[in-house]
Amino acid sequence: MSELVAALRSLFETVNEFESSIALRESAYVFPWVVVAHVVSMCLFAGTILMMDLRLLGVGYIQTPMSQVQRRLFPWQIAGMTLATITGLTLVYGNPMNYFANIIFWTKMLSMGIAGLNALAFHFITEYTLVQWDTSPTPPFGAKLAGGLSIALWANVILAGRLIPYNWFQN
Amino acid sequence: MYDYFAAIASWPVSRAINESSWIFALIQALHLVALAFLAGALLVVDLRLLGKGFSQQPLARVARDARPWLVASIIGMILTGVPQFISLATKEFESPYFWNKMYFLVAALLFTFTIRQRVTFAPEGKFGPGIAKAVALISIALWTGVAIEGRLIGFFS
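From first to last, the protein sequence lines are chains P and S. Counted the way our numbering counts, the first sequence spans residues 1 to 171. Counted the way our numbering counts, the second sequence spans residues 1001 to 1157.
Read the hints as simulated data drawn from the structure, not as lab findings. Certain hints may be false.
[Unchecked claim] Residues on chain P that point at chain S, a partial pick, calculated with CB under 10 Å:
1) F31
2) F45
3) L50
4) M51
5) G58
6) V59
7) Y61
8) Q63
9) A101
10) I103
11) L159
12) A160
[To be verified] Label-pair ranges, simulated between beta-carbon atoms:
13) P:T138 to S:I1131: 32 to 38 Å
14) P:P165 to S:S1010: 44 to 50 Å
15) S:E1124 to P:A28: 47 to 53 Å
16) P:P165 to S:I1075: 22 to 28 Å
17) P:V131 to S:S1021: 49 to 55 Å
18) P:E17 to S:A1107: 43 to 49 Å
19) P:S136 to S:E1124: 24 to 30 Å
20) P:T14 to S:L1110: 50 to 56 Å
21) S:G1154 to P:S10: 28 to 34 Å
Even for Gly, the Cβ is constructed at its ideal location relative to N, Cα and C.
Only chain P is shown next, with the shape it has when bound in the complex (with noise of 0.2 Å):
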């Protein structure tokens, strides 16, 4: 574990000597409008994800097919995912150290992890049985499981991810 740490701090330390990296930190309208750019992208991506938990649920677009649901919100939740993670990392780039130190930004990137986890398991798992109840306004315990981990997941990376500038806990 301290040697993962020790790694991490020498890229974010090597990235932050980078001469675009200082650039990029150095620019008065650089980081306020890529931020911007990232809470768009976030819309795009969190609003598809977050349609298709409601449905996992059973709470929303009950009368449209699971299976529909899904393959129609993918290539949305795919653009909204390329957007904001290359907005984000240039953000992370542009001022490494900021955010090394930082325990909510490490919060937001765990619950991202987690989340992303949580859809494998669904895929992986509860699919298998989708033609059971995909047109079903119900769905099983493990459908209803992985939306609701979903929504509350996804909503913990946007709340982290705009604390992330408060940097409270700091040592």
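Let chain P serve as the given structure and place chain S on it in line with the hints.
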């Protein structure tokens, strides 16, 4: 006008939010969670209007299914937006981004609950695909404007 804003900022509840080290931040963060739900409830219908997303479903059905989530997320936005406004009322008054956001917001709300609602709940085939696409693009543009100006308030005020 400024005096009204100053009076609002001096309310005990406004000052309590402003003086707390975490209440404002938490409300601000919850505002973004509500934004994500709002964006989703708007986008499923706008995508359907563009012939994307749930295009195998009737437009009115998608709009009806999205509606409770649209209304709930707008209520969530107001409940988390008003406390931010009252606690910083004098700063907001001086911020051009705040006023831009309000103009976009009024336009977006009016458009959503008049023209857009009319088109999305109309009987099948009453409005052509050209009108549907225009409505979707205007909706996306107006609400994106609200989000962008809103986020900028925090940076340049």
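Going down the list of hints, with the structure as the test:
1. Among the interface hints, the one on P:F31 holds; its C-beta lies about 8 Å from the nearest C-beta in chain S, closer than the 10 Å criterion.
2. Interface restraint check: P:F45 against chain S, minimum CB-CB distance 8 Å, threshold 10 Å, status holds.
3. Taken as an interface hint, P:L50 checks out: its beta carbon lies about 5 Å from the nearest beta carbon of chain S, inside 10 Å.
4. For the restraint placing P:M51 at the interface with chain S, the shortest Cβ-Cβ distance is roughly 4 Å, inside the 10 Å limit, so the hint holds.
5. The closest approach between the C-beta of P:G58 and any C-beta of chain S is roughly 12 Å, which is over the 10 Å cut-off, so the hint fails.
6. Against a cut-off of 10 Å between C-beta atoms, the interface hint on P:V59 holds, since the closest Cβ of chain S lies about 9 Å away.
7. This hint holds: P:Y61 has a C-beta 5 Å from the nearest C-beta of chain S, less than the 10 Å allowed.
8. Look at P:Q63: its Cβ gets to within about 6 Å of chain S, closer than 10 Å, so that hint holds up.
9. Below 10 Å, beta-carbon pairs count as interface contacts, and P:A101 has none with chain S, the closest being about 18 Å; its hint is therefore violated.
10. Taking 10 Å as the C-beta cut-off, the interface hint given for P:I103 is violated, the closest approach to chain S being about 15 Å.
11. Because the beta carbon of P:L159 sits about 4 Å from the nearest beta carbon in chain S, less than 10 Å, this interface hint is met.
12. Here the hint on P:A160 is kept, as its CB sits about 8 Å from the closest CB of chain S, short of 10 Å.
13. For P:T138 and S:I1131, the Cβ-Cβ distance of about 36 Å falls inside the hinted range of 32 to 38 Å, so the restraint holds.
14. Between P:P165 and S:S1010 the Cβ separation comes to about 27 Å, which falls outside the hinted range of 44 to 50 Å.
15. The given range of 47 to 53 Å is respected by S:E1124 and P:A28, whose C-beta atoms sit roughly 52 Å from each other.
16. For P:P165 and S:I1075, the hinted distance range of 22 to 28 Å is satisfied, since their beta carbons lie about 27 Å from each other.
17. A hinted range of 49 to 55 Å for the beta carbons of P:V131 and S:S1021 is consistent with their spacing of about 52 Å.
18. Restraint check, P:E17 to S:A1107: a C-beta distance of roughly 46 Å satisfies the suggested window 43 to 49 Å.
19. Checked against the given bound of 24 to 30 Å, the beta carbons of P:S136 and S:E1124, roughly 26 Å apart, stay inside it.
20. Between P:T14 and S:L1110 the C-beta distance comes to about 52 Å, which sits within the given range of 50 to 56 Å.
21. Our hint of 28 to 34 Å for S:G1154 and P:S10 holds, since their Cβ atoms are close to 33 Å apart.
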